[in-house]
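Enquirer: Residue numbers (the numbering used here): 590 to 879.
Be careful, since some hints might not be right.
[Unchecked claim] Calculated pairs, EDC-like style, for lysine to aspartate or glutamate (alpha carbon to alpha carbon, straight line, at most 20 Å):
id: 1; residue 1: 591; residue 2: 785
id: 2; residue 1: 739; residue 2: 714
id: 3; residue 1: 596; residue 2: 819
id: 4; residue 1: 652; residue 2: 665
id: 5; residue 1: 648; residue 2: 661
id: 6; residue 1: 673; residue 2: 655
Just so you know, the hints here were simulated from the structure itself, not pulled from any lab data.
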Amino acid sequence: MKSTIAKSAGLTDVGLKREINEDSFSTDTKSGLFVVADGMGGHLAGEVASRVAVDLINKSYKKWFESDAPEEDLFEYPDQSLSKVGNYIQSGIRLANKVIHEMAAEYTDYNGMGTTVAVLAVMPDLIITANVGDSRIYMVRNGEIERLSKDHSIVAEQVAMGIMTDEEANQSPLRHVLTRNLGSAIHLEAEIFEIEPSSNDRFVLCSDGLTDLVSDDEIQQMVVAEDDPEVLCQNFIDKALARGAHDNTTVVSVYLSDIEKSKSDPFKKMGSLLADILTTTQKATKIFKS
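Please work from the sequences and hints to get the whole structure.
Expert: If you want it as structure tokens, here you go:
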């Protein structure tokens, strides 16, 4: 299967409670790379962290991808379970984490800064998602929604262990306490998923400013109902604003086109093979006769 991006869009809003938008995002249909980051830290530090993450992930990915860099040339060791492009993304996130961690340690104004990140890479025959923190990635395929990210938070871990229900997690005062984010440690690994694309897949990347206020079921319904990704992003922002928008909200949506499977004709291949055999036989006969 060969996937093609039909349309994409991105939108961010500061919300109704915050004075500064610490979210950052990027959309690049040409390279097929889409990124959302939700920064944290005072004195504009969160804004700096999210922008550094988005910029470095984009620059490193494009550099390695365009040069077809071997995995041994990447930042830190490659993950043997991932594709080469998956390692480009993992390595770019590691690099961004290192830079943010060093900036936070060196400059007083940046002490404690960090950021989440959610990344989507669309290849002709592969979809790659990566995340750190609680910014999410959703896929809607054939009308059904699937989360292609894993929250790195205290409540998410407690839900996974059966200690807390989803409803309790949504109401918990600890719901925004992360167990992993860029800048928090020297070494860091992203959660990465690799899947095959399918016709008309739709993807949503978002900060928790959306998912705090809009459920997965609502996201699924809104994605299915809207064929224009730009309108969809605005609809999500409007929904968050209508519900109080206590945080910055950022949404990126990516729609794939109809994918045609390559059809192979075994009889055509057999005919071609027989033709090659006959040609070779004729040449051998001429040589023998001469």
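Enquirer: Does each hint fit the structure? Answer for all of them.
Expert: Hint-by-hint comparison with the structure:
The suggested pairing of residue 591 with residue 785 holds, with an alpha-carbon distance near 9 Å, which does not exceed 20 Å. Taken as a hint, the residue 739 and residue 714 pair is broken in the structure, with Cα atoms around 23 Å apart against an allowance of 20 Å. Only pairs whose Cα atoms come within 20 Å are accepted, and residue 596 paired with residue 819 is accepted, the gap being roughly 9 Å. Proximity of residue 652 to residue 665 is assessed by CA-CA distance (about 16 Å); at most 20 Å being required, the pair is judged to hold.
Between residue 648 and residue 661 the alpha-carbon distance is near 18 Å, which keeps this suggested pair within the 20 Å criterion. Proposed proximity of residue 673 and residue 655 is supported: the alpha carbons are some 13 Å apart, at most 20 Å.
In summary, the one numbered hint that this structure violates is 2.
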